[in-house]
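Student: Residue numbers (the working numbering), protein chains in the order written: chain A, 1 to 351; chain B, 1 to 124; chain C, 1 to 491.
Since the hints were made in silico from the structure, they are not lab data. We treat Cβ as the ideally placed atom computed from N, Cα and C, and that holds for glycine. Hints should not be assumed to be uniformly reliable.
To be verified - Restraint ranges, calculated between C-beta atoms of paired labels, are given here:
(1) T223(A) / I29(B): 43 to 49 Å
(2) H123(B) / V64(A): 39 to 45 Å
(3) D69(A) / A427(C): 30 to 36 Å
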Amino acid sequence: MLELFTLAIEVLTAVVVLTAAGIVVVRLYRRFKHRKQARLAAGPRRSLLAFVADNGEEGSHDLVAIPEDAWRAAEPHALALLGKLRGEAHMGLVSVFLRRGTARTALGQLRSHSRVKRARAAQVLGDLELRQAVPELCRLLTDRHAEVRVVAVRALGRIGDPAAAWRIIASLDRSDPIPSLLASHTLVQLGAEAEVTLSAALDHPQARVRAVCLDALGLLGATASVTRIARILKEDAHLDVRVAAANALGKLGTRSAIDPLSLALHSSRPAALRAASAKALGDIGAPSAVPVLEKLLDDGAFHVAHEAAHALRRIGPAGLAALTGRGSNGHALEALALAQVMREEKTAVPA
Amino acid sequence: MSTILLVEDDPDIRHLVSYKLGQGGMDVIAVADGVSALREARAHPPDLVLLDVRMPRMSGIEVCRELRAGVVTAEVPIIMLTARSRQQDLEQGYAAGATDYVIKPFSPRELLLRVEAALARVHH
Amino acid sequence: MIEEFIRDALRWTDVSIFAYFVALNSSYLVLIVLAGLEFYRHLRRIPFAGADDMFRSPLTLPVSVIVPAYNEGPGIVAAVQAMTALRYPRYEIVVVDDGSSDDTFEQLRARFDLVEVPRVVPADVAYTSEVLSVHVARANPETLTVVRKTNGGKADALNVGINLARHPLICMVDADSVLDPDALLSVAKPFGDDPLRVAACGGVVRIANGCKVIGGRVVDVRMPKQWLVRIQVVEYLRAFLMGRTGWSRLGGLVVISGAFGVFRRDLVVRVGGMDEDTIGEDAELVVRLHHHLRETKEDYRVIFVAEPVSWSEAPSSLAVLGRQRRRWHRGIAEILSKHRRMILNPRYGRIGLVALPYYVVFELLAPFVELSALVLLPLGLWVDAVNLEFAWRFVLVAYGYGLLVSLAALFIEEVSFHRYPRWGDLARGMTAAILENFGYRQILAVWQVKGAFGAWHGRKAVWGTMDRTGFDTPDEPESDLVGAGSVHRRG
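Work the whole structure out from these sequences, hints included.
Tutor: Take a look at the structure:
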């Protein structure tokens, strides 16, 4: 027994000393490596800044000629810079990456066995906004690992090729889909050309797909789809989808949306739908909706009455007049007070 | 020579903008946060302020409001730098008295043009 | 005969206590290794984590930051100001002044030009106090709200804040926390990546004493000046950073610090908000979420983010530390007793079968075992149940293993986040890991035992108070220091 203890003490002492030494060694190694990287990257970083400040017109040869180890040290910095730039400076920097073969390497790594490598490669291709990479990135939408799929979607969004729209929509229809908000945002990034595909997908049997497309159509300002969206608001079997339709109509802001939204306020409809529709009418700023909204101020569901009051506030003079007429209603008072504060703030500082 | 006060916490953008405006023949004083910016602007009123909206210590909106409230800096043109998603920042910035906006990600050339335009408006 | 029996019993008790220490420290070591794996996984993914995309997307879920405040006058303005500068696309701040007797509200009113507005407060979760008035900042009426209410305790203040929160995610923050600018982005990110499953996400709390704080932001990380606080730094790294990361990886995280945690509002409302009769209301909420979501058989996750997000001032005097630890341990005891039905119940999966039993054996009972060792080992020596040769080896192995665990935590910190850049601070950290064994652990055990007993004949939960010393940043005369506030958190 005692020998065992003595042995344990000896082993513990050794491990404790080793760990302490390990901490020191790790720190020394990191410092050394860091200093070396900084030294290597200093030159390329200066050239990079000068290059992008000159709109990428001069100095690209110098950047391409930078030796590989120095470039690797400066590459994270260059990729970060890429995200902060637009216009010629951005294009100039991208062309340097292409000439250095970064894109080719990344395309190859999309088929790597390591999921971290696949995701990193997808990220780089997205940063470079490389259109040629779209088919390969679309393939990653069915990757086994969720984290790779997410990076692929984000990259497709940054590239913004509307051809990817239907592949993204299709990838939503699986048991472990990409997050809905990410999908909507990506579809919006694809631009107005994706509208046709999105509108067609409103008939998709999956409720989640319809909701994502509705969110995207609203943000894209797809006013041509108002009639279709209004039909979904009226008929869809899923509450979440109908709420998404109401939100989208509010963002689109066309007059033709006012009637269907007003109908959705009927007391037989679920509270979530009525609240969303009231909010949408406020987004549109429809004075003709004032009478229906005013009735909702006494609604038993908090969110319905709350959204109705704030919708009236955002409608402007007609809505505010209705609110003033309802002096004893708490929601009306709250909305009026907020309107007052905002008005004061606007007049206080000349723009 | 015009003096530009650049307030930006991202060192990359600070270097890049200093370099670009320096090329355009301007004298750039760069600081990393709002409190230093106000101190600098009051001590040496610049000809123009380039202001990041999101910053530590004091937001760009607040700095803008303070500059407008100060006697020596009330008339200085202020250009705000903001991210695209922040509609809120845009509205608040104009309400606080910003002259113009540059949206991040930005083009260095466009930034220079906007700075020159804002300076030209003051000089006439 | 009887003497022989007592001697035998004592000998076996001493051996069991030894076995307990070995098991306890081995479990810490396992958690630390798991944390190391998790950090490795996390750090490799930073280049494509998409934080910038999340910041730019107009669809990122908006957050309501709820800040309960009780007598926070000296630091509240700097704290709220720092919160308005967080990097996050859309969020509001709701400060709940829980009937402060100092100038907390006046400070806020003066700085943010507050105007009183009527507001209908929904009763989504129950609260017992009375809301006196609601105020908004004139310049941003939709982003800063300050509520005044009659005093009702921290949990009650949080409940009022939850009711007034308008966004789908709520973030509960202590008014004395110093947040990193990316805090909200880091901790809300799991909700964006896995919106259907993530129910709650906690951020790590580190110790701010000794760090340079400017404008409500930690700009230079240093070791504190007092050994008492340095020991706590090592303790926080081991227990909070590594321990909780390890549990998160095992899918058994049951504590999210009230100093910084993000929750889905609808779920918090569904389980009824904060429990106003518990001391560790933050941890209790997490256990209740587990309780509820396991019963409804939902697929959910409770996550811990190790990325540095929040810094708090730790007690620097024994009296305050003692009060804090008594509260924490009392909190653990109350929560475990309230949810005892879950313990060892297979219906609650890993939480019922692993996490909660672990808390009973290795958290709740640990100070009792530690104290009994302090009594029984000398007793065993005295009646000759064990000899001196055994005793000193026993002590050396038990404490040596503990030291190894602390050093392992420091090693992982050095490999992953390495937030203490000075060599001197490294030496201080290692020394603190040794000093912890001389007095600190023992007195801690005494307080914890007292706290556990407090749970049996408990009084109603109130705000923990802490003497204000303020953050010590001598060479920055005009910085707006975030003052220290009350310490009241963790179960």
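Student: If a hint holds in the structure, say so; if it doesn't, say that too.
Tutor: Tested hints:
{"no.": "1", "hint": "T223(A) / I29(B): 43 to 49 Å", "in the structure": "holds, 47 Å"}
{"no.": "2", "hint": "H123(B) / V64(A): 39 to 45 Å", "in the structure": "holds, 42 Å"}
{"no.": "3", "hint": "D69(A) / A427(C): 30 to 36 Å", "in the structure": "holds, 34 Å"}
The earlier numbered hints are all upheld by this structure, with none contradicted.
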